[in-house]
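> Chain order of the listed sequences is E and B.
Going left to right, the first sequence walks through residues 1 to 487 as this note's numbering numbers them.
Going left to right, the second sequence walks through residues 488 to 836 as this note's numbering numbers them.
Errors might be hidden in some of the hints.
What the hints assert, rightly or not - In silico DMTMM-like pairs for lysine to aspartate or glutamate, Cα to Cα no more than 20 Å straight-line:
1. K174/E to E198/E
2. K187/E to D62/E
3. K711/B to E184/E
4. K2/E to E36/E
5. K266/E to D248/E
6. K463/E to E177/E
7. K719/B to E353/E
8. K719/B to E386/E
9. K719/B to D352/E
10. K719/B to D62/E
As the list claims (entries may be wrong) - Cβ pair distances, simulated, as ranges:
11. S521/B to E335/E: 51 to 61 Å
12. E254/E to P722/B: 22 to 32 Å
13. V501/B to E387/E: 22 to 32 Å
14. Q434/E to F826/B: 48 to 58 Å
15. F826/B to E387/E: 17 to 27 Å
16. G341/E to P722/B: 14 to 24 Å
17. E254/E to S828/B: 23 to 33 Å
18. Q123/E to Y622/B: 47 to 57 Å
19. S90/E to P722/B: 29 to 39 Å
20. S828/B to W261/E: 32 to 42 Å
Treat the hints as calculated values from the structure; they're not laboratory data.
Don't be surprised by glycine CBs; every beta carbon is placed ideally from N, CA and C.
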Amino acid sequence: MKVELRGISKHFGPIRANDGVTLSIESGTLHGLLGENGAGKSTLMKILSGFLSPDRGEILLDGKPIHLHSPAQSIAVGVGMLHQDPLDFSALRVIDNFLLGSPESWWLDRHRNRNRLIELASQFDFRLNPDALLSDLSIGERQQLEIIRLLGLGVRVLILDEPTTAISSQQKEKLFETLRRLTEQGKTVIFVSHKLEEVRSLCSKVSVMAHGKITGEVPMPLPTEELVQMMFGQAVMVGKRCAVPLGDPVLELENVTVSDWRLEVKSLSLEVRAGEVIGLAGLEGSGQHLVLKSCAGLQRPSVGHIRIATQEMTGRPYRDFTKAGVAYMPAGRLEEGLIAGMTLIEHAALIDENPRFFVDWAFAAKTAAQRIEAYNIKGQPGTLVEELSGGNQQRTLLALLPSQSRLLLMEHPTRGLDMESTEYIWKLLLNRTQQGTAILFISSDLDELLDRSDRILIFFEGKVRMMETCGTNLLQLGESIGGKGFE
Amino acid sequence: MNNWEIHPSLVLRVFAILLALVFSAFILLILGTSPLDAFALILSGAFGSLAKLAYVMTAWAPLLLCSAGLLVTFAAGVWNIGIEGQIIMGAVFATGLLQLLQDSLSPAAILVLAAFAGLMGGALWGILAGALKLYGNVNEIFGGLGLNFIAGSLTVYLVLGPWKRPGIGSTSGTQPFPPSLWLPAFNGFQVSPIEVLLGLVAMSLVALALRGTHFGLKLRAIGKNLRAAFLKGIPLNQYMLLAFGLCGGLAGLAGWVLVVGTSARHNLFPLISSGYGFLAILVVLLTNLSALWSVPISFFFAVISMGSLQLALQRQLDSSLGGVIQGMLVLLVLVAKGFQSRTLSRRER
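Same shape as in the complex, but just chain E (with noise of 0.2 Å):
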């Protein structure tokens, strides 16, 4: 089956996800979609499938032009979609979720339904028991199970939404070869993914996105600097932060090994000096998180030691950490970090370092005017934090970080702001440097790694790599990040 998208928009708030794309994949191919996380390859497959509706624009499918209310409604058109998490039902049985938005009768037919699920499963060496429960199967199962549920629902375009995040490399391996069997019996599949040396090994033609759109499309296999090239943007620039003068340790790791349901970081030491700033690279969930919460105290690492300022901090709960002089600073702004509801005069109040009973409303209202002056927030000191714009809530937080710190820990510190305050955010921020805080930040925007940190911990799938910034250049780090030089 031909899917074109013509023209699709798509915008959330101020935020265009979608800009006018325009896409054509041929029946029967493996159609790559690479991008940057925030690209727009999740919304525009979203939209694909039924589950957003496009402001502006429109699908064809095979020439015929289609409306899209539901994904029930897609998947009975013949499209499906393979999500990012597994969207099923953990307490249910492997057949029962097959069974999930099959447009049956009212009477479920589990016995012949079930000898459709064995047959289906085989077709592609799946092993599953239609009787096991799902919550005891790994995430690579459920993703076969998935595949196997939308194929007996008679799709014939297959999106997977970057399936191989969570899995083993065998496992993989096998969705990879089911993939390219699916499409010798002329089904079409689109992958979603932002890893460059997956969809380069695996797709016959690639679609780059970034910032909405699509910035080009190419067919495989394509030297991997020139997708580099088309992800990230075309100047190449190199790291300047050269011998920079450093302090005492601040923070150490040593030996620590850190997991969650889905990746584990083995082994990782670390030393941090006073004064240092550190970049942690790599695409989203690749680790880097898991490491900059333990620093902080909100996870607790199973194996190693950490220490801030010498001290063994390794177990102790997060309010130690604060206490020891460790600041975070998270990513979700109205999810994590401010309060939606509060005006920055309560956001003030609340980060009074010496409180007594009563709230000093005038003393309150006189930082929130100053931090306002200070990091330049278009806002009153009255505004509640929701109603300030994106750009202004990523200021809010940076101005509510404690005045003196040891060692700063950010996700993504600069999001959603442009190049002038980027530039005098960082200002703020070397300054405090030179007074002996170390950084640690999280971020996605390569130039502002190699231009802003003296070294870069790559992260991919869990394991971790040191660069050292001096002379490395753009390309490199790109690479790097997709995956170069792990294997």
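Chain E is already provided as a structure; the job is to place chain B on it using the hints.
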């Protein structure tokens, strides 16, 4: 927090209140009663005589206390459904202390000690609901419901068992306390200024605490964004337990009022909380968590509750019609609020 400010939603709310009255009138018509007559009866039932007004005040005091407590838990973002049980435990503790010390100290001292006992009883029951939530992972709504049942059953056991009247125990309650252990009243006006004053003071203190203290600020931060509050270093568990304890304490005080209050029955009887806790939840929902508005609205609810008793006495209608009117009012105002936020978010899109 400018509570008297006229919001654009005010029109919608007034409309919702009018609609609730229309619906209530409709129900009364179905029952074959003239709505005007019924509304007049409710008003005269509440204000017809000093004694009737005294009853309204007696209902107002526990409503004020419970609403004040609920403002604290709602600020922390939790639904303290267990408030009924907390009232009951307050009444149980107060009764227990009164029975224990009866005849030993001066009545005034006993009454004050009983108030503290009630406060403690309610606070303990509240902290229990909080602890179940924080350490046992039991949603406070379910935990509260369960604790309500336990508290209710406990009163039945006490009334029929250890604390039964001399002779044969009856579900009508324990042996009433002598008038010396009642809250003092004005002559001819059977309401004690103490109980209503207590309610008003509690409401003012809560308003002050939420608005003016770091405790209140942090509590509101927790209620609005748990994760961000944690990251800002606020000790969630302590604050949460404190909120449950405070609300429970005020509810327990309401329980004490229901035992020793001037127009109370002066004993412990099953389900002594009489739904005041649930009614207070409606009050604070209706006022959108405003302490200032909770004062007149809780009075209004007390008027409807007490006034509608006349429907039963004079028109053979069930007095629960008052509850129907109150419930309808809250539902329609909430619908108006939901409608408003929906149209608002659509306009933003």
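> Compare the structure with each hint and give your call.
A quick look at each hint next to the structure:
1. K174/E to E198/E: Measuring from Cα to Cα gives roughly 13 Å; hence the hint holds.
2. K187/E to D62/E: Holds, at roughly 13 Å.
3. K711/B to E184/E: Violated, because 53 Å separates the two Cα atoms, which is more than 20 Å.
4. K2/E to E36/E: violated, 26 Å
5. K266/E to D248/E: Distance ~26 Å between K266/E and D248/E Cα, so the pair is violated.
6. K463/E to E177/E: violated, 25 Å
7. K719/B to E353/E: It holds: about 11 Å lies between the C-alpha atoms, which stays within 20 Å.
8. K719/B to E386/E: holds, 18 Å
9. K719/B to D352/E: holds, 11 Å
10. K719/B to D62/E: violated, 54 Å
11. S521/B to E335/E: 51 to 61 Å: Holds, at about 55 Å.
12. E254/E to P722/B: 22 to 32 Å: Holds, at about 29 Å.
13. V501/B to E387/E: 22 to 32 Å: holds, 27 Å
14. Q434/E to F826/B: 48 to 58 Å: holds, 55 Å
15. F826/B to E387/E: 17 to 27 Å: This hint holds: roughly 22 Å between Cβ atoms.
16. G341/E to P722/B: 14 to 24 Å: Taking Cβ atoms as reference, G341/E and P722/B lie about 21 Å apart, which means the hint holds.
17. E254/E to S828/B: 23 to 33 Å: violated, 51 Å
18. Q123/E to Y622/B: 47 to 57 Å: holds, 50 Å
19. S90/E to P722/B: 29 to 39 Å: holds, 33 Å
20. S828/B to W261/E: 32 to 42 Å: At roughly 35 Å between Cβ atoms, W261/E and S828/B fall inside 32 to 42 Å, so the hint holds.
When the structure is compared with the earlier hints, violations turn up for hints 3, 4, 5, 6, 10 and 17 and for no others.
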